[in-house]
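Peer 1: With the hints as extra help, turn the sequences into a complete structure.
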Amino acid sequence: MHRYPTRSTMLLPALLITAVLVLPLHADRPLEQEGPLIQVLAGDAPPAEKAMACKKLALVGTEDAVPALAPLLTDTSLASWARIALEAIPGPAVDRALRDALPVVTGRLQIGVVNSISVRRDPQAVPALLRLLAERDLEVAEAAAVALGRIGAPQAREPLLALANQGPDPLRNAAAEGCILLAEDLLAQGEANGAAAIYDALRQAKLSPQKSAEAIRGAILARGEDGVPLLAELLHSEDRSLFNMGLHTARELPGPAVTRLLQEQIADAGPERRLHYIMVLADRGDREALPAAMQAAQEGPAPQRVTALHLMDRFDDPACLPVYLASASDPDTDVAKTARLALARWPDASVDRMIIEQLNASVAATRMAAIELIRLRGIQRAVPMLLQSLSPERAAEFKLGLKTVGDLATVEQFPELLNLLKVTPDQRSVEEALAALCIRASATTGGDVVVHQAVYGDLPDGTSRDVTEIVRTMVKEGQLAIPATNTHFGDPSGGIVKKLRVQYSVAGEQITSVIDENDTLQLTGRVTPPALVQSLLEALSQAGEAEQPALLRILQSAGGAEALAAVRSAANDPALRDTAIRLLCTWPGASALPDVIALTTSAQEATYRVLALRGEVRMIREMAAPVADKVALLEEAMAAAERSQEKRQVLAVLNELPSPEALALAAASFDLEGVQEEAAMAALAIAEKVLKQDPADVATIMQQLADQASGKIAEQAKKLREQAESARP
Amino acid sequence: MPPTPNREWSFMTASVPHVPRRRFLTGAAKAGAALALPTILPASVLGRGGATAPSERIVLGAIGIGNRGSYDLGCFLEEEDVRFVAICDVKKTRREAVKQRADSRYGNKDCAMYRDFRDLLARPDIDAVLIATGPNWHATAAMYAAKAGKDVYCEKPCTKNISQSLLLAEIFRRTGRVFQAGTQRRSLPNFGYAVDLARRGRLGKLHTMHAHPGGLGTSTSGWEEEHTLPPQEEADWDLYLGPAAWRPFNRRILANGFGFEKGGGLTGGGCLEWGSHCVDLCQWANDADTTSCVEYEPVDGELHARYPNGVKLVLRNDGWLPLGSCPVRFEGESGWVETADGGDLVASDPALLRGNPKKISGYPANFHIRDFLDCVKSRAPTRAHAEAACFAHITCHAANIALFLDRKVVYDPVKHEFPGDEAANRLRSEALRAPWHF
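Protein chains in written order, with the numbering used here: chain A, 18 to 746; chain B, 1456 to 1893.
In silico lysine-lysine, DSS-like type, Cα no more than 25 Å apart, as pairs: (1) LYS416/A to LYS1814/B; (2) LYS420/A to LYS1813/B; (3) LYS736/A to LYS706/A; (4) LYS1814/B to LYS420/A; (5) LYS354/A to LYS1814/B; (6) LYS729/A to LYS706/A.
Quick list of simulated restraints, FRET-style, between CB atoms: (7) ASP533/A to SER1816/B: 21 to 27 Å; (8) THR1663/B to GLU639/A: 35 to 41 Å; (9) ASN1764/B to GLU639/A: 48 to 54 Å.
Which residues of chain A face chain B? A partial, calculated answer using Cβ under 8 Å: (10) MET69; (11) GLU231; (12) LEU358; (13) THR504.
In short, the hints are calculated from the structure, not lab data. From the three backbone atoms N, C-alpha and C, an ideal C-beta is built for every residue, glycine too.
Peer 2: Structure (structure tokens):
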């Protein structure tokens, strides 16, 4: 098996459906011997078996099978199956059998034989097929006309042309199709004049508009460049179907004469047809399309310009750059967006210089476009010039510029941004840029992750396997998404849903994560460069009241123990208390858990207690800890909860921790006001999962629930109690 | 697992001579190859930039509307420049349901119902048809529609074998009709962007592409026990069977719809069902819309194939990033990109993703249907034009043949044969039940 850089368990159920039609009789079995299959056909086997024998003979049959297959051509049930075999078996015996059957059968069976002769291109059948052109059954005659064309029978030319001119209505078009096939065959053999003559003759016939258009197309293509005047007629036509066929044929016919014709049309046509011609040129790969597209991109209605810009995009020609740059600041948003995306994808870095120069343009729209392009292209070297060019008085540019700086600036540029925070009236934009930079700077890599131990199986106490080395290898190869699957780790405890537990550290910070089978663990740890955090702390110590809340928020984006300590300390400062408490309650991960637990009881204000409790429940959910410990914390949270909303949040997290402890806590919540139903539902869900693990407690609690509840909940509780009783040892 | 072939197979040297010859290939192939990324047509030029005049409307009919077709039809009905006027289905209940929907949409009683699609195709006022019958009918109905002068949006898989694939391209080239295969991922920004990276050389020289076929088994339809035939008006069994070999009426086969004869012949299955999407995207990324792979080999539960330019194609079911269904991955000498139905793109270097368009997840067909309608008006090749669909399907069919035979096969994408391999050559085509023919 190949190893890929990254792997996952992600296989959507829909992808696993292989659409196999399971039927009692199949041909997709190992290929069989011809002899027994022939015997099936010759004997009294049911039609179903004979049908499958035909299908198998299509793979293994030889001329020996023909005597058994040929009689089936007169069998309305099996003729189509027999033809599957006969069309596939090589050799003249098949052709002979089909010719012999031709006068014997009628109607659909005869059409079937004609079609098989057509597919096999049997020239010896031509006389018989010519006779069938006069058949009263027009469907048979139509099939014969097409077959004659497909065989490429020269002697069919005149009869088919005559029918195309004067035959009954449906037969005319079939005869025309036969003629077109004949002409194509001649052309393939290099007989262009003969082909053109057939097409010209068809152009005189009274055919459907579709067939007439096909005849003209053929007449043009058969003549090559000599067909260009005829092509010009189509392109000038007011008849929509002929004009459409002209556009199609102009795409097909190679050569400079067509290119010239299209250029002439572009010069003379109105806006709609001009765009059609430019598109045809572009589809042909003619570089002559480029000047026309560049001109169309700079004038006329916006939709035309958008199309022209898209056409230019196909050529990757530097001559397009000035047009793109001018269009990137167009007032029409579609035009501007199309040009910007083309510039964003432009492979050559030389365009970066042109974009940076536009930061100093006199027109605001041009400067805005330049800033957006710097962001889209990720031009890091533009950041100093960008910072220099920004002015808070030009508010929109300042906002977009800071967003771009946040995306691109380096850690070295952090102090400069911090200084900007002190002086700008648009503090929020600077704050967002600094936060974005913190987050980018703290992104981890595989090299920062150290895997200490990884275990996969029936955790925590069942059979499991040490998979540390496998996970280490994945991380070494740069894979930080670890899928918990049997594919990767084997199946140490079959029949149950397993778990993967990984103990690892990122830059010294210890982390333990447990995920269920088929989930994917992201081995990430946030480590912000210490120098960056120090800069923030120093700035905080020196900042005035106006900047301090912003700096605290940036510290949350930076993360880490020092940042958390600073915010914790700020919670004691009356001026910063509100900001700091809100940051503690939304602190990512679980490191602020002690702080929020304390707040749930110590905070005087109800708002803070609610925020803290919500943060606590979230952090318990996210923390790496044994299930029992998490349930114990949830029990405390439940006790602290004053409102139904927070109690429901506790029960929702409890639902994710199926264990006897969780079941006990859910049961203890049966009588809590406002959440009785949620508690019952949580208990049912947990009981189902821990039934085998702890049948005694499940039986007791489900009995309690069945007694207390009514309706479906009571029914389900009773059912689970019975299951638990029978699961007891 | 594919069945083990009989090792006593008697190989014959003569080629089966009925794979269609390609005609007028030179010019058309050049035009197709020049098409890098599709053109987006302006609304006003095409008459949809506001109130659409009746003369600018595309008059649409639909053939075979089940679950998928119903979704497609919904997308069409949302377009202001479409006037849906006729439904054809072999099942009466479906005909009536679609009529009710269309009449409700337009506030009239005008939607006509047909049991036989030839009656619908005979209407001169209809410009285009949506074909969502089920794979058994896709190619046959599409070719009848083209010959009747209709443009076609056809659900996938579009063909049942190699021969049908070639004929599809040939007939749409000859008739000049617009064809769009229902491979809507060609019109979704994440897939288009990933393909663009590969085609423009942003990944370096492309060397390997990966596609998720969603199963690599092969299967066939069969002959089940006979049930009482319903009235023709309720469910036309003969038309349902269409080009498939005859068998007695069976309720399960009738209900199966999409699965019936999927892939055709002996070699249907997941490779074609999902490959018509993900292999198609690989063909596009490799600028291979006018060719197919030349070698195919089952290897340890995967299918490895190789294009004429040396690029390797791997059909595999596992080892994907968690990005959603139908993933593809393109690998070049200097980088790689992977994407799937979730709409996200992951690349070896974030710089490769600068300028990628807005994320769209859930693989909607609206954009693809809009592309089709625009091309009906402009006559430009659609994103999934017949030539591209032809060769993407050929790659899938040839892969299926390798899986069925459980061995390596070599394909000549110019002569369209497996040189000296009679067993594989016989799997290129299958007889159509009369009266149907191409």
